[in-house]
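**Student:** Sequence:
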Amino acid sequence: MDDLRRVCLSFFNDFPMEDKLKYACQPNSAASQGYGSRMLVSSQNDTVLDWRDYFDHHTLPLSRRNPSFWPHFPPEYRTLVADYSDEMIVLARRLLRLISESLGLRASCIEDAVGEFYQNITASYYPPCPQPELTLGLQSHSDMGSITLLIQDDVGGLQVLKDGEWLTVQPLPDAILVLLADQTEIITNGKYRSSVHRAVTNASKARLSVACFHDPAKEVRVSPASDLVSQSSPPHYSSIVYGDYVSSWYSKGPEGKRNLDALLLDT
1 MDDLRRVCLS FFNDFPMEDK LKYACQPNSA ASQGYGSRML VSSQNDTVLD WRDYFDHHTL
61 PLSRRNPSFW PHFPPEYRTL VADYSDEMIV LARRLLRLIS ESLGLRASCI EDAVGEFYQN
121 ITASYYPPCP QPELTLGLQS HSDMGSITLL IQDDVGGLQV LKDGEWLTVQ PLPDAILVLL
181 ADQTEIITNG KYRSSVHRAV TNASKARLSV ACFHDPAKEV RVSPASDLVS QSSPPHYSSI
241 VYGDYVSSWY SKGPEGKRNL DALLLDT
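Read in order, the letters of the sequence shown are residues 1 to 267 in the UniProt record's numbering.
I should point out that these hints are in silico values taken from the structure, not numbers from a laboratory. Values in this document were obtained by computation on a predicted structure and should not be read as measured data. Do not take every clue at face value.
Below are the BS3-like pairs computed for lysine-lysine, each with C-alpha atoms no more than 25 Å apart in a straight line [unchecked claim]:
id, residue 1, residue 2
1, Lys162, Lys191
2, Lys191, Lys218
3, Lys218, Lys252
Derived DEER-like restraints, expressed as beta-carbon distance ranges [as the list claims (entries may be wrong)]:
id, residue 1, residue 2, range
4, Ser32, Pro128, 23 to 31 Å
5, Ser32, Pro75, 23 to 31 Å
6, Pro75, Val155, 22 to 30 Å
7, Cys25, Lys218, 14 to 22 Å
8, Ser239, Pro61, 21 to 29 Å
9, Gln231, Ser10, 56 to 64 Å
10, Asp112, Leu134, 20 to 28 Å
11, Pro234, Gln26, 35 to 43 Å
12, Asp86, Ser239, 30 to 38 Å
13, Cys25, Phe73, 12 to 20 Å
Glycine included, C-beta positions come from ideal geometry on N, C-alpha and C.
The whole structure should be built from the sequences, with the hints applied where relevant.
**Tutor:** Put into structure tokens, the structure is as follows:
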């Protein structure tokens, strides 16, 4: 993890901008691979909502993995990202199996519902912000997919929403943070909840985090697991094709859990 953080930080700090732009993502394409710099401004009060540079790597399935689209410097960058991808998919599957078993389901229940994992690894770099009280590094949202595994540096800035209050997640050495995402909430019929989180900025120190997202394929239809639905425990969410969910998420924007809330049923 230290090596991965090191090479990602080197890309953001040591690469000239003209070299970074050789890896630029498509600005009008949702979740496109490559480098981007995102400054999202509120149309209501001109407040900057997002304050970060990022690099998104498409890592799984292997048919999507093309390291030639990733930075070539430092020289070990591509190998480290690929190795990290292979390790994180093992951990993601293990965690989802444990969640399934905790609900009395067969171990592969959630994994089977998700299908083949589409994994993206996003390195986010949050520069020091001269007016951090007016910005967020990343605005409030829950993740779209099934499970996110995140590592961060020792600066801190990740916050999670609990009982209406934002709590700062203190960095721990060598810790991997687990953020359950919206499709897992649907499949477990709300017994496990996706995490609403955000990133805050500071005026003095840059921050780095690396998030590993595990999502269904866009053609997969996601619904509450049949073993968790009965007359006494009806489904709380309507089913949806994941690609439609992604389109809604990007068209409406990531604001809390409003995209998931739109699927809630009256029960």
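**Student:** Could you tell me which of the numbered hints above are not met by this structure, giving the numbers in increasing order?
**Tutor:** 10
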